[in-house]
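Participant: So the chains spell out like this:
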Amino acid sequence: MADPFETLGVDPRFDLDLRALEQRHRDLSKALHPDRYSGAPAQERRLSLGRAIDVNEAFRVLRDPIRRAEALLRRGGAKVGETVEPAAPPALLMEIMEVREELSDAARAKDLPSILRLGAAMTARQEATLKKLAQAFADAATEPGKISDALPILGELRYVRRFLDEVSALEEELSP
Amino acid sequence: MSLLEIFDPKAAPRPVGIDLGTTNSLVARVRDDKPQVIADCNGARLLPSAVHYDARGAVIVGTPALLLAAEHPRETIVSVKRFMGRGADDAETKRLGTYDFAAPTTPEEAKSVRFKIHDKVVSPVEVSAEILKALRLLAEDELRTVGGVVITVPAYFDDAQRQATKDAGRLAGLDVLRLLNEPTAAALAYGLEKQQNGLFAVYDLGGGTFDVTILLLDNGVFQVKSTGGDSALGGDDMDRALASRFLVEMGAPEGDHGLVRLALDAARQVKHGLTDHDEVEIELPIVGGATKKIVVTRADFDAMIAPIIARTGVACRRALRDAGVKPEELDGVILVGGSTRVPAVRAYVEKLFGKAPLGDINPDEVVALGAAIQADILAGENAHAGEVLLLDVLPLSLGIETMGGVAEKILPRNTTIPAGARQVFTTYADNQTGFDLHIVQGERELAADCRSLARFVLKGIPRMPAGLARLEVTFRVDADGLLSVTAKETTTGVEQHVEVVPSYGLSDEEVETMLLSALDNGEEDFEKRRLIEARVEAEQVLAATKKALAADADLLSDDEKARVSTAITDLEGAVAGDRTAAITTRTEALDDATHAWAGRRMDRAVARAIEGKNLSDVEKDVAEAAGVDAHVEAHASMTRPS
Chain A
503 MADPFETLGV DPRFDLDLRA LEQRHRDLSK ALHPDRYSGA PAQERRLSLG RAIDVNEAFR
563 VLRDPIRRAE ALLRRGGAKV GETVEPAAPP ALLMEIMEVR EELSDAARAK DLPSILRLGA
623 AMTARQEATL KKLAQAFADA ATEPGKISDA LPILGELRYV RRFLDEVSAL EEELSP
Chain B
4 MSLLEIFDPK AAPRPVGIDL GTTNSLVARV RDDKPQVIAD CNGARLLPSA VHYDARGAVI
64 VGTPALLLAA EHPRETIVSV KRFMGRGADD AETKRLGTYD FAAPTTPEEA KSVRFKIHDK
124 VVSPVEVSAE ILKALRLLAE DELRTVGGVV ITVPAYFDDA QRQATKDAGR LAGLDVLRLL
184 NEPTAAALAY GLEKQQNGLF AVYDLGGGTF DVTILLLDNG VFQVKSTGGD SALGGDDMDR
244 ALASRFLVEM GAPEGDHGLV RLALDAARQV KHGLTDHDEV EIELPIVGGA TKKIVVTRAD
304 FDAMIAPIIA RTGVACRRAL RDAGVKPEEL DGVILVGGST RVPAVRAYVE KLFGKAPLGD
364 INPDEVVALG AAIQADILAG ENAHAGEVLL LDVLPLSLGI ETMGGVAEKI LPRNTTIPAG
424 ARQVFTTYAD NQTGFDLHIV QGERELAADC RSLARFVLKG IPRMPAGLAR LEVTFRVDAD
484 GLLSVTAKET TTGVEQHVEV VPSYGLSDEE VETMLLSALD NGEEDFEKRR LIEARVEAEQ
544 VLAATKKALA ADADLLSDDE KARVSTAITD LEGAVAGDRT AAITTRTEAL DDATHAWAGR
604 RMDRAVARAI EGKNLSDVEK DVAEAAGVDA HVEAHASMTR PS
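These protein sequence lines are chains A and B, in that order. Under this note's numbering, think of the first position of the first sequence as 503, with each following residue one higher. Under this note's numbering, think of the first position of the second sequence as 4, with each following residue one higher.
Rather than coming from a laboratory, the hints here were simulated on the basis of the structure. Heads up, a few of these hints could be off.
To be verified - Below, simulated EDC-like cross-link-like pairs (lysine to aspartate or glutamate); rule was C-alpha separation at most 20 Å, straight line:
| hint | chain 1 | residue 1 | chain 2 | residue 2 |
| --- | --- | --- | --- | --- |
| 1 | B | 412 | B | 433 |
| 2 | B | 549 | B | 575 |
| 3 | A | 612 | A | 667 |
| 4 | B | 329 | A | 667 |
| 5 | B | 114 | B | 439 |
| 6 | B | 329 | B | 259 |
| 7 | B | 412 | A | 517 |
| 8 | B | 412 | A | 566 |
| 9 | A | 633 | A | 517 |
| 10 | B | 412 | A | 674 |
| 11 | B | 123 | B | 103 |
| 12 | A | 581 | A | 675 |
| 13 | B | 412 | A | 556 |
| 14 | B | 412 | B | 390 |
| 15 | B | 329 | A | 674 |
| 16 | B | 412 | A | 667 |
| 17 | B | 412 | A | 668 |
| 18 | B | 531 | B | 143 |
| 19 | B | 329 | A | 673 |
| 20 | B | 329 | A | 584 |
Extracted from the complex, chain A is given alone in its bound form:
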């Protein structure tokens, strides 16, 4: 896939202005969406479809902090993907295991308030992790060699995200 920063014409950085990004996506959609090429020759319509897909996909990547971080790391020459990234430190694994246990207890008891409380705590944790990640990428911007420092923080973010995904699935299941 093409580099999403280039596809959307934005600076390759982690702390993107998401509103400006959304505006850029809309502007580019106005230029490339197949509706703009209705009645055009067949190859042109196919081209517009392909490019609109690229723009939508790039937006989907950059909007999501995990995939945005992966795109930045790829640009910096780092290998990404859970199987090639460094293993998570035991302390983090222990911590995640403990909160997971709490979450499954709450799920078994259909205890929605506890689930929401665990979710809120993890959301705060996510904010902090995102800040750390932004800092790591900012440091790497001046010292490219440091880009791999972002890898363990990304790993942490993945655990946090999975936990939050489970919380929202439970929330949906248990909400009236």
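Add chain B to chain A, keeping to what the hints say.
Facilitator: Chain B in isolation, oriented as in the chain A frame:
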């Protein structure tokens, strides 16, 4: 346009929008910049979506068909939309209804419900095509020739249901420009009239489908944030709830199609009466010949339909959550669909979203009006064409079945369309030359619990040890929300052609055969039609090319400019004649001559969208390029993955 007028000044094809509804269908067009519903010669604006097949093989559509429904419940199909894209053993097929179904004889046939009428077997696609044909005739009375058509579908329709709708359009001889989601169509009609920006919820409860869509209106861009719903929930269910009670009161034996039809009709009347009255009395025939008076109060009815309305709440809350929007952040709630007239529905919506819904556009017509506007825009005729854009989403996640029967999501629900995804597979046995791929749609974890869309067999993989082949499968969802799949084997370096066999939907050949058998003069009519279609396409391409020349001729080298203008002259010559093949070939030639240029024009449009950031670069590149192709090459390498 000028060229078309040379052929027949009276018959310039006009774009129309069609709301193909469960209960009623409508056709609308834009006139003097205002969308309007086309009425029939009696002034009726709604065509009942009822199709009657009589014993001699004639087909009757609309109100006359509806009048025959009570007497001929099995030969008159109403609410056919509920059966679109449904399999023979779908739950929907087995609900309270009045039809006989043909038992499938092959697995292929089991993929689509088929009605047994007299000695004929009819598919929902064919029934819908009859409704669309009736609407086409209605529109032709007013416009003479119908051009491109936008047909609306429930936002929550899955791929099979969308494909079936598009097939029905083709079968009715329509040039389907686009399938448009009903809530988005409503928002378009509403938003353009009110010129208001903000976040809106569209609550669309029709005869047989429910949709909710959260969207953002921002200076002409209608961006759908999320959508949800139930493609088998609507006013019909209210009728059924009430009819079940009537059938008990009537002492009706099970399986009496005529009495079921009668009870359903009575229920609908009572439902309508209760919109403005607190109670309605109805006289029902009871077994043995006598009649019985029954009073239904609004409170009774509200209690009966409460579980139905509550099901809409689940979808609404999920759509809000998916959009990341809280009810208080909404600027308005738009009501669509006849069933939103039910007072209990309005009260529920108001409580759910915490604000009184906007209902100042006729909820029966707003979808068709929006479709007409979109058709006008796509035909390039609308004053708003340059500023309006609809960005819709995929309503249900697309996935593939993996080991253990788990559905792995490749495109999650609410992804903005058009969308694409690529997945790489490998072989698990030595010398394996084929690969099965099962594509499903839905949110459930197991593939068996999702809607099965297609089973593809990828063939033609070169023989090699297990795990070495790299099969790259590309999924694309176009702006209609329709999926297409292509595959290639990449290890050998050669792009292998891999065969993909869709398991539903009609092929072009099938549509051709069905059209042929439906036309009175078979071949001859069909040839005429193909000529007209080829001409329409050629005219569109010519118009688009000339428009492009007026704006971007500077992006062509002199050689290319000469090629394009020759191709234009050739095509114009062919269009003036009546040889279909010549028109098609020369349309393709013009297509080829403009292909590289189209890429450059898109680059320029992108550069402009990025506010001049790369604009000067692009223009300089083009000016300096000794060969224009060198520029294209440079751009290609720039956008390749780093």
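Participant: Now, for every hint given, state plainly whether the structure supports it.
Facilitator: Verification of the supplied hints:
1. Between residue 412 of chain B and residue 433 of chain B the alpha-carbon distance is near 28 Å, which puts this suggested pair outside the 20 Å criterion.
2. For the given pair, residue 549 of chain B sits about 12 Å from residue 575 of chain B by alpha-carbon distance, which is consistent with the 20 Å threshold.
3. In summary, the hint linking residue 612 of chain A to residue 667 of chain A is supported, as the alpha carbons are separated by about 17 Å, within the 20 Å threshold.
4. Restraint check for residue 329 of chain B and residue 667 of chain A: satisfied, since their Cα atoms lie roughly 19 Å apart, inside the 20 Å limit.
5. Using a Cα cut-off of 20 Å, the hinted pair residue 114 of chain B and residue 439 of chain B holds, with the two alpha carbons roughly 18 Å apart.
6. Pair hint residue 329 of chain B plus residue 259 of chain B does not hold up; C-alpha atoms about 48 Å apart against a cutoff of 20 Å.
7. Note on residue 412 of chain B and residue 517 of chain A: the hinted pairing is violated, with a Cα-Cα distance of about 28 Å set against a maximum of 20 Å.
8. Proposed proximity of residue 412 of chain B and residue 566 of chain A is supported: the alpha carbons are some 17 Å apart, at most 20 Å.
9. The hinted pair formed by residue 633 of chain A and residue 517 of chain A meets the criterion: a straight-line CA distance of about 9 Å does not exceed 20 Å.
10. Only pairs whose Cα atoms come within 20 Å are accepted, and residue 412 of chain B paired with residue 674 of chain A is accepted, the gap being roughly 19 Å.
11. For the suggested pair residue 123 of chain B and residue 103 of chain B, the alpha carbons sit about 11 Å apart, so the restraint of at most 20 Å is met.
12. For the proposed pair residue 581 of chain A and residue 675 of chain A, the alpha carbon gap of about 37 Å is over 20 Å, so the pair is violated.
13. Distance check on the hinted pair: residue 412 of chain B and residue 556 of chain A sit about 19 Å apart at the alpha-carbon level, within 20 Å; holds.
14. For the given pair, residue 412 of chain B sits about 34 Å from residue 390 of chain B by alpha-carbon distance, which is inconsistent with the 20 Å threshold.
15. A hinted pair counts as satisfied when its Cα atoms are at most 20 Å apart, and residue 329 of chain B with residue 674 of chain A qualifies at roughly 15 Å.
16. Proposed proximity of residue 412 of chain B and residue 667 of chain A is supported: the alpha carbons are some 15 Å apart, at most 20 Å.
17. Pair hint residue 412 of chain B plus residue 668 of chain A holds up; C-alpha atoms about 16 Å apart against a cutoff of 20 Å.
18. Proximity of residue 531 of chain B to residue 143 of chain B is assessed by CA-CA distance (about 17 Å); at most 20 Å being required, the pair is judged to hold.
19. Distance check on the hinted pair: residue 329 of chain B and residue 673 of chain A sit about 15 Å apart at the alpha-carbon level, within 20 Å; holds.
20. Distance restraint check for residue 329 of chain B and residue 584 of chain A: the Cα-Cα separation of roughly 34 Å exceeds the 20 Å cut-off, and the hinted pair is therefore not satisfied.
Violated hints for the displayed structure, listed by number in ascending order: 1, 6, 7, 12, 14 and 20.
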